[in-house]
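Student: Could you build the full structure based on these sequences and the hints that come with them?
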Amino acid sequence: MAISRLVSWFPHVKAPVIINAPMLGSAGAAMATEVHKAGGFGLPLGVGFITSHETAGHFTANVLPILVRHGVAAAWLFAPHPETKPHGEIIAALRGKGTKVFVQVGNVAAAREAAADGADVIVAQGVDAGGHQFSRGCGVVALVPEVKAMLASEFPDRDVAVVAAGGIVEGSGVAAALALGAEGVVLGTRFVATDEAMSAQLHKEVIVRTKDGGLSTWKSEFHDRLVDNKLWKDGYDGRAIVGDIHREYHALGGQTATVEESRERLRTGWSEEEGKKMIGKWAGAGLGLIDEIKPAGVVVTEVREAARKRIQELAGSI
23 MAISRLVSWF PHVKAPVIIN APMLGSAGAA MATEVHKAGG FGLPLGVGFI TSHETAGHFT
83 ANVLPILVRH GVAAAWLFAP HPETKPHGEI IAALRGKGTK VFVQVGNVAA AREAAADGAD
143 VIVAQGVDAG GHQFSRGCGV VALVPEVKAM LASEFPDRDV AVVAAGGIVE GSGVAAALAL
203 GAEGVVLGTR FVATDEAMSA QLHKEVIVRT KDGGLSTWKS EFHDRLVDNK LWKDGYDGRA
263 IVGDIHREYH ALGGQTATVE ESRERLRTGW SEEEGKKMIG KWAGAGLGLI DEIKPAGVVV
323 TEVREAARKR IQELAGSI
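Anchor point for the sequence shown: position 262 equals 284 in the working numbering, and the numbering is continuous, going up by one each time.
It is worth saying that the hints were derived from the structure and are not from the lab. Note that the structure is predicted; figures quoted are calculated from it, not measured. Just so you know, not all the hints are guaranteed correct.
To be verified - Calculated lysine-lysine pairs in the DSBU-like style (CA-CA distance at most 30 Å, straight line):
no., residue 1, residue 2
1, Lys241, Lys252
2, Lys255, Lys298
3, Lys170, Lys107
4, Lys122, Lys107
5, Lys316, Lys59
6, Lys316, Lys252
7, Lys226, Lys59
8, Lys241, Lys119
9, Lys299, Lys316
10, Lys226, Lys119
11, Lys226, Lys298
12, Lys122, Lys59
13, Lys226, Lys36
14, Lys331, Lys170
15, Lys233, Lys316
16, Lys316, Lys255
17, Lys226, Lys331
18, Lys255, Lys122
19, Lys298, Lys241
20, Lys119, Lys170
21, Lys107, Lys59
22, Lys233, Lys298
23, Lys36, Lys59
24, Lys298, Lys252
25, Lys233, Lys299
26, Lys298, Lys316
27, Lys316, Lys226
28, Lys36, Lys316
29, Lys241, Lys170
30, Lys170, Lys226
Tutor: Printed below as a string of structure tokens:
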């Protein structure tokens, strides 16, 4: 069974397998350690790479020796450069080095490409996710089963695990993902609101007090365009908490017609400190279920036990 496969690859983990997302600026050694100690899989015990940048072409020469030397358990790849498409070469270089390769995708076409490239684990990220993601995708309820069906049909001889990500913050979400066929679950926003996250305290507090993620968060390329972030190529956007600058933009009912006008308003309408409080608050649509900043290890244990309890309740009601 797929769950035992993940446990066999990473013997310290307990089922249901809880993974913290490799979030730039949030996930570090302290978080990974506490997640690991609680029986989850902590990134960066595995290491995440955004491969849209041109430097991904130097992976084999510059990064591979470091991963091998430190015995990294997993490499997580996301957002391949649309022209160079480096994932196949990177995965081939890691083959046989003891490192499992996770590839984050947002639709079935990308999952198919990841499987063909040789991914060990496909991270099926639904559009409820916080932070960066595929601009065209769907929720995990549709994505996970179709990815599983595609793998069974087109790659029957490949040993590929599927884990779910996107909008999952507590036990019932984990139980639902497992019912869809996921072998593990990735939590991002829930781990931002932990003691060990490197995120600013304000970011954590905003997540805890914000509710109704369907209205309070917004998935758009606006977040990156507002600050002129050129890292992300076409085909990717992100979900973040909405602030006053977002509400002024016409797409959310405001009067600011263009991103350039919004950028000018950000500069002139608020102080620099006020502006910083409004932008870059990446969070998923499930943030309304997060009520407290907790230790990362406690999150793993509580979410895992809540998922087990929910599964047992469902089994007893059928």
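Student: A separate judgement is required for each hint: does it hold in the structure or not?
Tutor: Do the hints match the structure? See the list:
1. Lys241 / Lys252: Between Lys241 and Lys252 the Cα gap is close to 17 Å, so the pair holds against 30 Å.
2. Lys255 / Lys298: With Cα atoms ~24 Å apart, Lys255 and Lys298 stay inside 30 Å; holds.
3. Lys170 / Lys107: Given that 30 Å is the threshold and the Cα spacing comes to 23 Å, the pair holds.
4. Lys122 / Lys107: At roughly 19 Å apart (the allowed maximum being 30 Å), Lys107 and Lys122 satisfy the hint.
5. Lys316 / Lys59: With Cα atoms ~15 Å apart, Lys316 and Lys59 stay inside 30 Å; holds.
6. Lys316 / Lys252: violated (34 Å)
7. Lys226 / Lys59: holds (22 Å)
8. Lys241 / Lys119: violated (37 Å)
9. Lys299 / Lys316: holds (22 Å)
10. Lys226 / Lys119: violated (37 Å)
11. Lys226 / Lys298: OK: Lys226 and Lys298 at ~14 Å, within 30 Å.
12. Lys122 / Lys59: Since the Cα atoms of Lys122 and Lys59 sit roughly 20 Å apart, the hinted pair holds (cutoff 30 Å).
13. Lys226 / Lys36: holds (27 Å)
14. Lys331 / Lys170: Between Lys331 and Lys170 the Cα gap is close to 25 Å, so the pair holds against 30 Å.
15. Lys233 / Lys316: holds (18 Å)
16. Lys316 / Lys255: violated (34 Å)
17. Lys226 / Lys331: holds (27 Å)
18. Lys255 / Lys122: Roughly 26 Å between the alpha carbons, so the hint for Lys255 and Lys122 holds.
19. Lys298 / Lys241: Distance of about 19 Å is within 30 Å: holds.
20. Lys119 / Lys170: Given pair Lys119, Lys170 holds - Cα atoms ~26 Å apart, limit 30 Å.
21. Lys107 / Lys59: violated (35 Å)
22. Lys233 / Lys298: At roughly 21 Å apart (the allowed maximum being 30 Å), Lys298 and Lys233 satisfy the hint.
23. Lys36 / Lys59: Holds - the C-alpha atoms of Lys59 and Lys36 are around 11 Å apart, at most 30 Å.
24. Lys298 / Lys252: This hinted pair holds, its Cα atoms lying about 19 Å apart.
25. Lys233 / Lys299: Measuring from Cα to Cα gives roughly 17 Å; hence the hint holds.
26. Lys298 / Lys316: holds (24 Å)
27. Lys316 / Lys226: holds (10 Å)
28. Lys36 / Lys316: Holds, at roughly 20 Å.
29. Lys241 / Lys170: holds (25 Å)
30. Lys170 / Lys226: violated (34 Å)
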